[in-house]
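Asks: Sequence:
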Amino acid sequence: MAEDTLFSIAGEIIKKLGSLAYQEVALWWGLKDQLLKLNGTVTRIKAVIQDAEEQVQKQKQNNQIEDWLKKLREAVYDAEDLLDDFSTQVLRKQLMHGKRTSREVRLFFSRSNQLVYGLRMGHNIKALRERLDDIQIDSIKFKFVPGKERASSTPFQGANYLL
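Per my numbering, the very first residue in the sequence shown carries number 7; after that it's consecutive.
Hints in this document: simulated from the structure, not taken from any laboratory. From a predicted model like this one, the values you see are computed outputs, not experimental measurements. Please note that a few of the clues may not be correct.
What the hints assert, rightly or not - Computed spacing ranges between beta-carbons, pair by pair:
hint, residue 1, residue 2, range
1, K147, E86, 22 to 28 Å
2, L101, R126, 17 to 23 Å
3, V122, Q70, 37 to 43 Å
4, N68, S93, 32 to 38 Å
5, L97, Q70, 39 to 45 Å
All C-beta atoms in this analysis are idealised placements derived from N, C-alpha and C, irrespective of residue type, glycine included.
From just these sequences and the hints, can you work out the full model?
Replies: Structure (structure tokens):
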């Protein structure tokens, strides 16, 4: 089911946000707080996805919940795309060879100027987080019960993400 995929993608996003490379580059670009907030938002929404799935299955045809899940699915896919873009930048930064000064000059004059990229990424993360927060607020009217874990899922383990 599509919601199972959504649950898995949300879990992958949380994993990516906790990786050491993300932490290092986020700190370098000044995005640590934004990524930490995004991690919290995705974690909270992940907890609600299962209950939404169960309500859709029980009620068979609930257009409001299906519309909410569609918005959530689109936002989670956008989050995944954003983090894939971020991963690409992390890899580019790691692959730059040479002396520190020449590497910094190449990074500055590359088509992905690091200062501009960090600023743009910060705005994108903030906009995405606000969109996910709005979706989470919309979930309140459905009275979803977060926190029910499936036996096959991996529980969220982390307070030390991006510290």
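Asks: Please name the hints from earlier in the document that this structure breaks, with their numbers sorted from lowest to highest.
Replies: Violated hints: none; all satisfied.
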